[in-house]
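Residues 1 to 285 (this note's numbering) are what the sequence shown spells out, left to right.
Among the hints, a few may not be true.
What the hints assert, rightly or not - Cut-off 20 Å, straight-line C-alpha distance, at most; resulting in silico cross-link-like pairs (SDA-like, lysine to any residue): (1) 189 x 131; (2) 125 x 220; (3) 249 x 235; (4) 112 x 63; (5) 91 x 173; (6) 112 x 43; (7) 34 x 248; (8) 197 x 230; (9) 34 x 244; (10) 249 x 265; (11) 112 x 52; (12) 112 x 157; (13) 34 x 197; (14) 34 x 227; (15) 249 x 173; (16) 189 x 230; (17) 193 x 157; (18) 34 x 131; (19) 34 x 235; (20) 189 x 238; (21) 36 x 207; (22) 138 x 176; (23) 138 x 244.
Claimed, not checked - Computed spacing ranges between beta-carbons, pair by pair: (24) 36 x 269: 43 to 51 Å; (25) 83 x 266: 19 to 27 Å; (26) 233 x 176: 40 to 48 Å.
Keep in mind the hints are simulated off the structure, nothing from the lab.
Glycine is no exception: its CB is placed at the ideal position from the N, C-alpha and C atoms.
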Amino acid sequence: MKNFTFKIASLTVVCWLLIAVAQAQQPYKGGSGKFKKLVWADEFDIDGLPDTARWSYQTGLVRNNEEQYYTVARRENVRIAQGFLIIEGRKEEWTNEFHNPESTDWRFMPGKTAYTSACIVTQGKASWQYGRIEVRAKLPRGLGVWPAIWTLGDNEPVIGWPRCGEIDMMEFVGHDSLRVHGNAHYEDKATRKHASKMGTLSHVQPAEDFHVYAIEWSQSAIDFYFDDQKYHSFVIDDAGTGEDNPFRKPHFLLLNLALGGEWGGQIDPSVFPQQYIIDYVRVYQ
Numbered sequence: 001m002k003n004f005t006f007k008i009a010s011l012t013v014v015c016w017l018l019i020a021v022a023q024a025q026q027p028y029k030g031g032s033g034k035f036k037k038l039v040w041a042d043e044f045d046i047d048g049l050p051d052t053a054r055w056s057y058q059t060g061l062v063r064n065n066e067e068q069y070y071t072v073a074r075r076e077n078v079r080i081a082q083g084f085l086i087i088e089g090r091k092e093e094w095t096n097e098f099h100n101p102e103s104t105d106w107r108f109m110p111g112k113t114a115y116t117s118a119c120i121v122t123q124g125k126a127s128w129q130y131g132r133i134e135v136r137a138k139l140p141r142g143l144g145v146w147p148a149i150w151t152l153g154d155n156e157p158v159i160g161w162p163r164c165g166e167i168d169m170m171e172f173v174g175h176d177s178l179r180v181h182g183n184a185h186y187e188d189k190a191t192r193k194h195a196s197k198m199g200t201l202s203h204v205q206p207a208e209d210f211h212v213y214a215i216e217w218s219q220s221a222i223d224f225y226f227d228d229q230k231y232h233s234f235v236i237d238d239a240g241t242g243e244d245n246p247f248r249k250p251h252f253l254l255l256n257l258a259l260g261g262e263w264g265g266q267i268d269p270s271v272f273p274q275q276y277i278i279d280y281v282r283v284y285q
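Make a model of the complete structure from these sequences and hints.
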């Protein structure tokens, strides 16, 4: 009987694997239909921490005068459970391991922070040039939350921002809860200063349910989608026609929940903890 039970269980596992493979090989049928071959995905189907073959972490106080400390591989801030990636912003005191009392850099000045969260990235593990990148997610709510799905050019550590280019597939701020934003950041070739082209979709409620956030990125344009509704298009030549155009080079992906900062604004401490819940990430070319 034990042997028979084992065979049935093994057959069931094989069937599920075959179904999963068949689903993965199916072309994507939404969006424009230009990009059909699945080349990379994370379905977040194994409980625990994110897969280290796919993801690494940013840590500390990183950008935009945000108030959260990004922790590394800490389940309270990032975990996979029941088929979802959960990035959790928490109100809690945390020691800044990069603290330098003599520094004038805001990232190193405080000895402790009042909030924690997580930022996971595919940097050094996976990057893409063109294709459809889509993420199905349910956003957090409340004053101060600032979740994002975005990319940076692979060469960011060498040439810096904004020269490396940035694609904001989705940005949302809690103080403006009925809108989502898509954006492209780059260096203006004439002025050598930061430039950007933003699109906004209004009258939506992204914290109420799951939605698919996507870009379709070709040699000529980046189109931004919310549940297959295209609401913004960025013409890549706006960032330059030469070989150094950052949107004709590979980018890696970032998923994070920022708190406060230059756009997140004032934080309501009573709303925490808040969860940014991600169902899957899929890349088609």
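Checked hints:
1. 189 x 131: Measuring from Cα to Cα gives roughly 25 Å; hence the hint is violated.
2. 125 x 220: violated (26 Å)
3. 249 x 235: holds (15 Å)
4. 112 x 63: holds (16 Å)
5. 91 x 173: holds (18 Å)
6. 112 x 43: violated (35 Å)
7. 34 x 248: holds (17 Å)
8. 197 x 230: holds (15 Å)
9. 34 x 244: violated (25 Å)
10. 249 x 265: Since the Cα atoms of residue 249 and residue 265 sit roughly 32 Å apart, the hinted pair is violated (cutoff 20 Å).
11. 112 x 52: Cα-Cα ~28 Å, so violated.
12. 112 x 157: violated (27 Å)
13. 34 x 197: violated (23 Å)
14. 34 x 227: holds (16 Å)
15. 249 x 173: Violated: residue 249 and residue 173 sit about 29 Å apart, past 20 Å.
16. 189 x 230: Since the Cα atoms of residue 189 and residue 230 sit roughly 28 Å apart, the hinted pair is violated (cutoff 20 Å).
17. 193 x 157: holds (18 Å)
18. 34 x 131: holds (8 Å)
19. 34 x 235: holds (17 Å)
20. 189 x 238: holds (9 Å)
21. 36 x 207: violated (29 Å)
22. 138 x 176: holds (16 Å)
23. 138 x 244: violated (35 Å)
24. 36 x 269: 43 to 51 Å: holds (46 Å)
25. 83 x 266: 19 to 27 Å: violated (34 Å)
26. 233 x 176: 40 to 48 Å: Distance hint for residue 233, residue 176 is violated at roughly 22 Å.
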